[in-house]
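**Student:** We have chain A; now place chain B with the ligands onto it with these hints.
Protein chains in written order, with my numbering: chain A, 1 to 350; chain B, 1001 to 1606.
Please keep in mind that the hints were generated in silico from the structure rather than gathered at the bench. Honestly, I wouldn't trust all of these hints.
Claimed, not checked - In silico lysine-lysine, DSSO-like type, Cα no more than 30 Å apart, as pairs:
hint, chain 1, residue 1, chain 2, residue 2
1, B, 1401, B, 1249
2, B, 1494, A, 334
3, A, 347, B, 1254
4, B, 1521, B, 1494
5, B, 1401, A, 347
6, B, 1173, A, 347
7, B, 1401, B, 1490
8, B, 1401, A, 334
9, A, 347, B, 1182
Stated by the list, open to error - Here are the computed distance ranges between Cβ atoms for each label pair:
hint, chain 1, residue 1, chain 2, residue 2, range
10, B, 1539, A, 323, 41 to 47 Å
11, A, 285, B, 1134, 53 to 59 Å
12, A, 164, B, 1348, 33 to 39 Å
13, A, 265, B, 1411, 40 to 46 Å
14, B, 1173, A, 168, 28 to 34 Å
The beta-carbon is built from N, C-alpha and C at its ideal position, and this holds for glycine as well.
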Amino acid sequence: MSIAKPKISRPNLPRNTQGLTRRDYEGGMSTLCAGCGHDSITAAIVQACFELSLPPQSVAKLSGIGCSSKTTAYFVSGAHGFNSVHGRMPAIAAGASAANRSLHYIGVSGDGDSLSIGLGQLGHAIRRNVDMLYLLENNGVYGLTKGQFSASAELGSQSKKGEKNDHEPIDPVLLALSIGATFVARSFSGDKDQLVPLLKAGLMHRGFALIDILSPCVTFNDHEGSTKSYAYVREHLHTPVAADYIETRGEIQVDYQPGEAVTVDMHDGHQVVLKKLDHDYDPTDRARALAYVQEHIARGEHVTGLIYLGEGRRNFHERHQTPEQPLNSLPYDKLCPGSERLGSIIKRYR
Amino acid sequence: MLEVNRPMSGINDFVVKFANVNGTGSASANGLIMKTVFRMGVPVVGKNFFPSNIQGLPTWYEIRVTGEGWSARSGRVDVMVAMNSETYVRDLKEVSPGGYLIHDSSWAHPVLLSREDVTVMGVPLSELCAENFEGARARILMKNIMYAGVIAALFDLDLEVMRSLLTESYARKPALVEANMKAIQLGYDYAKANFQTPLPMRVEPLGRTAGHFVMDGNTAAALGCLYAGATVGAWYPITPSTSLMDAFKSFCMKHRVDPETGQRNFLIIQAEDELAAIGAVIGAAWNGARSFTPTSGPGISLMNEFIGLAYYAEIPTVLFDVQRVGPSTGMPTRTQQCDLLSCAYASHGDTRHVLLFPANPEEAFYLSVQAFDLAERLQTPVFVLLDLDIGMNDWMVPDLKWDDAYRPDRGKVLDAETIQKIEKFHRYLDVDGDGIPWRTVPGTGEKGAYFTRGSGHNRFGAYTEDSVEYQDVVDRLVRKFRTAAALVPKAIIKGDGATAGIVSLGSCDGAVQEALAVLAKQGIRLDYLRVRGFPFGEEVEEFLASHEQLFVVEQNRDAQLKSLLTLETAVEKRKLHSILHYSGLPVSSSFIVDGINRAMSKGEAA
Ligand SMILES: Cc1ncc(C[n+]2csc(CCOP(=O)(O)OP(=O)(O)O)c2C)c(N)n1
Ligand code: SF4
Ligand SMILES: [Mg+2]
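Chain A on its own, in the form it takes in the complex (with noise of 0.2 Å):
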């Protein structure tokens, strides 16, 4: 699970302004199947991270369990990271950020560990918008358990013994749009140029950012009849919106036609850039959002790209009145109301 890769310094590779490589936000070798798509995703943060120059140090990386919570220990090993119980995570990540708001909280998870076990601490994380970047590493499946259906997997898709499933899917997606989620979008493990930008973008959200990333099991959910093969969501994927997540401030060059590109500011004052692919999506309006998913999804298509984002709700922290200094580095003598104190407030209860 954490064997560690062998590190070679090549002088010429690219350095961002923390003056790290690409490599220096790997994390240990992976022991998932080759060809997974999980670990697509892990390269893709890897990427994001650098491209963002974040400092190993202020990411900390949660998950839950399942295949995909494993992935925790495969990027930034400068990152502390905690692979916590099943579906459990949601949790960790509320009291995390509750004692340090300062960290970029990477939470990984699984469609078991998020729309089963865990879909109640899912639901509650987007309700208290916990400022973090939410990865549901979708794959119809169970695949630490080996190959059961999860509650993601479409009525009527197949499992790999020819098992036809019997139950209606909890589309995340969906989920996340009808109880306030203030980011939500969704991607492929195969599409790193749509994925990230979106990882940045969601590393950058104040709030709880959700991306649901299809992300294949080759070893049991990537045959003829499943709705989650490598093949089948190829063929069904589509995106009304490209999202580009641009560092600077001001005018943006893009060299979109009017009309076609809608620009939101992020709390941080960089901003994300959306390319319409569809003249009618607006990706700030979440009935429109939910009805346009719903659609696709009677189509029997994927939805991807930045599908909404609301930078307006207060976040996790704004709600709790919270200091800007993380409560976990108060000292002590702003905590502590001290002897004389006491001798007043017993003398209340007299």
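**Tutor:** Structure of chain B with the ligands alone, referenced to chain A:
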């Protein structure tokens, strides 16, 4: 005038019990009476027996006036204030011979049962209220406050003390003070005119409550969390632990809000369930904040998986279990000590946890602070086992002291500077030989980064499925637990070489102390060991070894403390005799005296 026969001498030594209907405002009347006694300088015990319901069910409040300063129930009821016709029959039955019963005589009771050996006194409370107050709700509330006036006359309570208490609690509504005082005066005058007052059992000013205050244990524990510097709390509401977080929040709103910016130096998460609550506590603790969760038995059951993670991944977490009657939902508003085993061994696999057993609100305060120090020193979950009796009843508490020189023991945490100086950091390496490794807090720097996991890991923090590496770590955890035995609060031992003794814990203490005194008068001398922490220290082993006969007093059916002693010490099982109280009401001293007398006469455990 009613002839008061069978006089009992009971100056500053009697029990009055109020039988009420909940939701009728009786709590403020009963609280007022208790506080008045306290302010008159007479030690007092208040116990609330309430239903799991908001309005309409029977509820009782028992006040023990005890000049000698005992802190438990005595087991007697000298005066019953029977305000609930539905429970009248059993309330009458409960009065000790020679006692009194006061009831509302406004309506003729269909069957007003009486007893030869109980003096029944009727006061037309409803009638007096109807004559003097407007509105149905006001009349109900005033009826209760009116019996406080009757009680004041019967027990010689100081009306001026009552007035000043009312003035303090209704500082912003002076009209209410007058209305309440009017009701009190009406009751007082009626009793004066119709009964021989005061009763032989009455209150005489004593001056023995100086340096004390009245507080429940949940509030005291919350105060401990505040002083310990806890910044993150997560919880899911459950009786009887809810008031702990309520109190923490209200203390924080007063003492943790920056006066200039209005920003809050705390964060309380009302979680979606107890799984999330403990998860958030673990996340915050992993991240270097002092964090805690208050809960009760059902919450502990839900938290089990996460508790195992905190144990194995070695994350300091503080849990308050305010125990209530189980199993299952049980009786949520009744008290027991029934979670000893489920906390000691919470979670699957080989796990053992540090437990603290405060006996009263005073200890709840001090041991709460200590719980955070221990959790961080030992990097493990620490359970503070309270119960409903400690947590929700009002206790007379000696003034709390705070040493301003106190600094939290954050345990073995490597800061950013130190981490740069060491060659390599390994999370689970026992460098000091005490079983406790060093940790870092996220954000400390790349060199300090490590991976936390509940799956098999070796001493360097890496994933492992290797038997030797796995055993190496779990064996170290055993060493760490041994270290814990020397760090948890020492048992309190009282004794002078008797061959038999009592072993007990937590809220049994008051009743045991009194039972010891009663037994001594009967010529039975017993030593006493009160455990305050688990794992048990040397002193516990020594006490068990040096006594031939041991009475284990605890409040659960299955003798959980006895089980823990047999499992975790070298004591011979034959020496232990259980005295078990599990009715859901706090144990009384007479229950223990009777139990020990019975056991001794049968020659049990000899
Ligand atoms: C409480 C609990 N129940 C069951 C399991 C077994 N388990 C491990 S991973 C998993 C499913 C993982 O599925 P998913 O989240 O989709 O991850 P994937 O392996 O597909 O990436 C299950 C059921 C567990 N670890 N904990
Ligand atoms: S079983 Fe599936 S999900 Fe798990 S590692 Fe293999 S391919 Fe990936
Ligand atoms: Mg899966």
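**Student:** What's the verdict on residue 1521/B and residue 1494/B, does the C-alpha distance respect the 30 Å limit or exceed it?
**Tutor:** With a Cα-Cα distance of about 17 Å, the restraint between residue 1521/B and residue 1494/B holds, given a limit of 30 Å.
**Student:** Residue 347/A and residue 1182/B: Cα distance at most 30 Å?
**Tutor:** 28 Å, holds
**Student:** Check the hint pairing residue 1173/B with residue 347/A against an upper bound of 30 Å on the C-alpha distance.
**Tutor:** Holds, because 21 Å separates the two Cα atoms, which is no more than 30 Å.
**Student:** Does 41 to 47 Å hold as the CB distance between residue 1539/B and residue 323/A, or does it fail?
**Tutor:** 45 Å, holds
**Student:** Tell me if the straight-line CA distance from residue 1494/B to residue 334/A falls inside 30 Å.
**Tutor:** Distance ~40 Å between residue 1494/B and residue 334/A Cα, so the pair is violated.
**Student:** Is the hinted pair residue 1401/B and residue 334/A satisfied, with a Cα-Cα distance of at most 30 Å?
**Tutor:** 19 Å, holds
**Student:** Tell me if the beta carbons of residue 164/A and residue 1348/B are separated by a distance inside 33 to 39 Å.
**Tutor:** 35 Å, holds
**Student:** Next pair to validate is residue 347/A with residue 1254/B; report whether the Cα-Cα distance is within 30 Å.
**Tutor:** 15 Å, holds
**Student:** I want to verify a distance hint. Is the separation of the beta carbons of residue 285/A and residue 1134/B within 53 to 59 Å?
**Tutor:** 58 Å, holds
**Student:** Would you check the hint for residue 1401/B and residue 1490/B, treating anything up to 30 Å between C-alpha atoms as holding?
**Tutor:** 19 Å, holds
**Student:** Would you mind confirming whether the straight-line C-alpha gap from residue 1401/B to residue 1249/B stays at or under 30 Å?
**Tutor:** 22 Å, holds
**Student:** Cβ-Cβ distance between residue 265/A and residue 1411/B: within 40 to 46 Å?
**Tutor:** The hinted range 40 to 46 Å holds for residue 265/A and residue 1411/B, with Cβ atoms some 43 Å apart.
Violated hints, listed in ascending order, are 2 and 14; each of the other numbered hints is respected by the structure.
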